[in-house]
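Sequences and hints are given; from them, build the entire structure.
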Amino acid sequence: MRIGFVGGGTGGHFYPLIAVAEKLSTSQYSPELYYFGPSPYDKEALERHDIRFVSCPAGKLRRYFSIQNFLDVFRNFFGVFVAIWKLYLIYPDVIFSKGGYTSVPILTAAKLLRIPIVIHESDAVPGRANKLALKAAQYIGIAYDDAAQFFPPEKTALVGIPMRQEIKNPPADPFEYLGIPNDKPLIYVTGGSTGATRINDLVLQSLNSLLPQYRIFHQTGPANIQELRLAAQGLLGNTPLQSNYYLEGNVAPDMVSALLSAASLVITRAGSTTLFEIAYHGKPSIIIPIPEDVSRDQRTNAYAFARGGGAIVIEEHNLTQHLLAQEIASILNDSQKYQSMAQAAKSMYIDGAEDKIASILVSIGVEHGS
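Residues -6 to 363 in my numbering are what the sequence shown spells out, letter by letter.
If you are wondering where the hints come from, they were derived from the structure by calculation, not from laboratory data.
Don't take every hint at face value.
Unchecked claim - Think about it this way: if two alpha-carbon atoms lie no more than 27 Å apart in a straight line, the pair counts; the simulated BS3-like pairs of lysine-lysine are:
(1) 330 with 177
(2) 161 with 177
(3) 339 with 16
(4) 36 with 177
(5) 161 with 79
(6) 16 with 104
(7) 161 with 330
(8) 16 with 330
(9) 339 with 104
(10) 104 with 148
(11) 148 with 349
(12) 128 with 79
(13) 104 with 124
(14) 349 with 36
(15) 349 with 128
(16) 16 with 161
(17) 339 with 349
(18) 349 with 330
(19) 177 with 339
(20) 148 with 177
(21) 79 with 104
(22) 124 with 349
(23) 79 with 36
(24) 161 with 339
(25) 124 with 79
(26) 128 with 104
As the list claims (entries may be wrong) - Label-pair ranges, simulated between beta-carbon atoms:
(27) 19 with 316: 45 to 51 Å
(28) 308 with 148: 33 to 39 Å
(29) 345 with 141: 14 to 20 Å
(30) 327 with 19: 42 to 48 Å
(31) 148 with 311: 35 to 41 Å
(32) 327 with 176: 17 to 23 Å
All values reported here derive from a predicted model rather than from experimental measurement.
Yeah, the Cβ is synthetic: ideal placement off N, Cα and C, and Gly gets one too.
Next comes the structure, spelled out in structure tokens:
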């Protein structure tokens, strides 16, 4: 049996594929796994899970005007021809897509070659790639009830988001693992795999007011990491507050698991994979979605998640040092509110998405291969 994976551009598209691959590796059918895309995204993760990378070009689907839009139309047409050829040579029994612009040529080619398609939508409002694929898909998994209205009910199921085992299994003592003393509430700030400039800037501006009461682990994303380190050093100098601040560009999955276990509060963008990881660990959060004119799905995700009671949403245009500090204090200084939010966050998690999708892929693959 051969199973193809596609979907990328962000960790939120890519890493749920890895979670499903983990489950497929235990299948009695021992399927061969392939990842199709313009780049491996995380080559080490692919190699670790014995997933073969197959290069296939794709053009982005931008919501804004750019001269690149015209070039990407041709990239997508070219990508379809490349995908037809490479899919024909491998001929997977089923394709699993997490959406994103990288999936468009592969899914178009799969449809033409009559290869079964399974898609998963992590967001409350589906992206354009999954909207294009919904008619061809045999099965559609969704993470939010809100998304059900966009898909045919007869082949759509609420499954949650596939999650890697290393995220689910934090170390017994996460503080010791991280090398962080457990003497103050720990706030984990993350702007996702690419970082968030507005959040990074505001956190730096707020360090002197927040660090006396809290420890902060700040995941900034890889861009401008040295400049951010220098800025933090300039603000904190050699004061005792410096030992309460931890700054990293990106963190490995085992560290993410430890951070989510150790943190009292998470400040985050509204990527669905991150939100469901927060929910799994039952942590209150402050969500600062990417502005709607840049990413409509993030704002919708944020409010869909916060409706459950486990999070507070601050729109980026309202974000100030004072408001952020006020919301942090309102959660961490009120034990009853904190416990209520933690329980509400935990209730948002839907277990077993990776098992359900792996089972569906094997079932369709067996049927197609027979």
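Now for the hints, and whether the structure bears them out:
no., hint, in the structure
1, 330 with 177, "holds, 18 Å"
2, 161 with 177, "holds, 24 Å"
3, 339 with 16, "holds, 23 Å"
4, 36 with 177, "violated, 37 Å"
5, 161 with 79, "violated, 35 Å"
6, 16 with 104, "holds, 25 Å"
7, 161 with 330, "holds, 25 Å"
8, 16 with 330, "violated, 37 Å"
9, 339 with 104, "violated, 38 Å"
10, 104 with 148, "holds, 17 Å"
11, 148 with 349, "holds, 14 Å"
12, 128 with 79, "holds, 23 Å"
13, 104 with 124, "holds, 14 Å"
14, 349 with 36, "holds, 25 Å"
15, 349 with 128, "holds, 21 Å"
16, 16 with 161, "holds, 14 Å"
17, 339 with 349, "holds, 20 Å"
18, 349 with 330, "violated, 34 Å"
19, 177 with 339, "holds, 23 Å"
20, 148 with 177, "violated, 48 Å"
21, 79 with 104, "holds, 14 Å"
22, 124 with 349, "holds, 22 Å"
23, 79 with 36, "holds, 19 Å"
24, 161 with 339, "holds, 13 Å"
25, 124 with 79, "holds, 24 Å"
26, 128 with 104, "holds, 10 Å"
27, 19 with 316: 45 to 51 Å, "holds, 47 Å"
28, 308 with 148: 33 to 39 Å, "holds, 35 Å"
29, 345 with 141: 14 to 20 Å, "holds, 18 Å"
30, 327 with 19: 42 to 48 Å, "holds, 44 Å"
31, 148 with 311: 35 to 41 Å, "holds, 40 Å"
32, 327 with 176: 17 to 23 Å, "holds, 20 Å"
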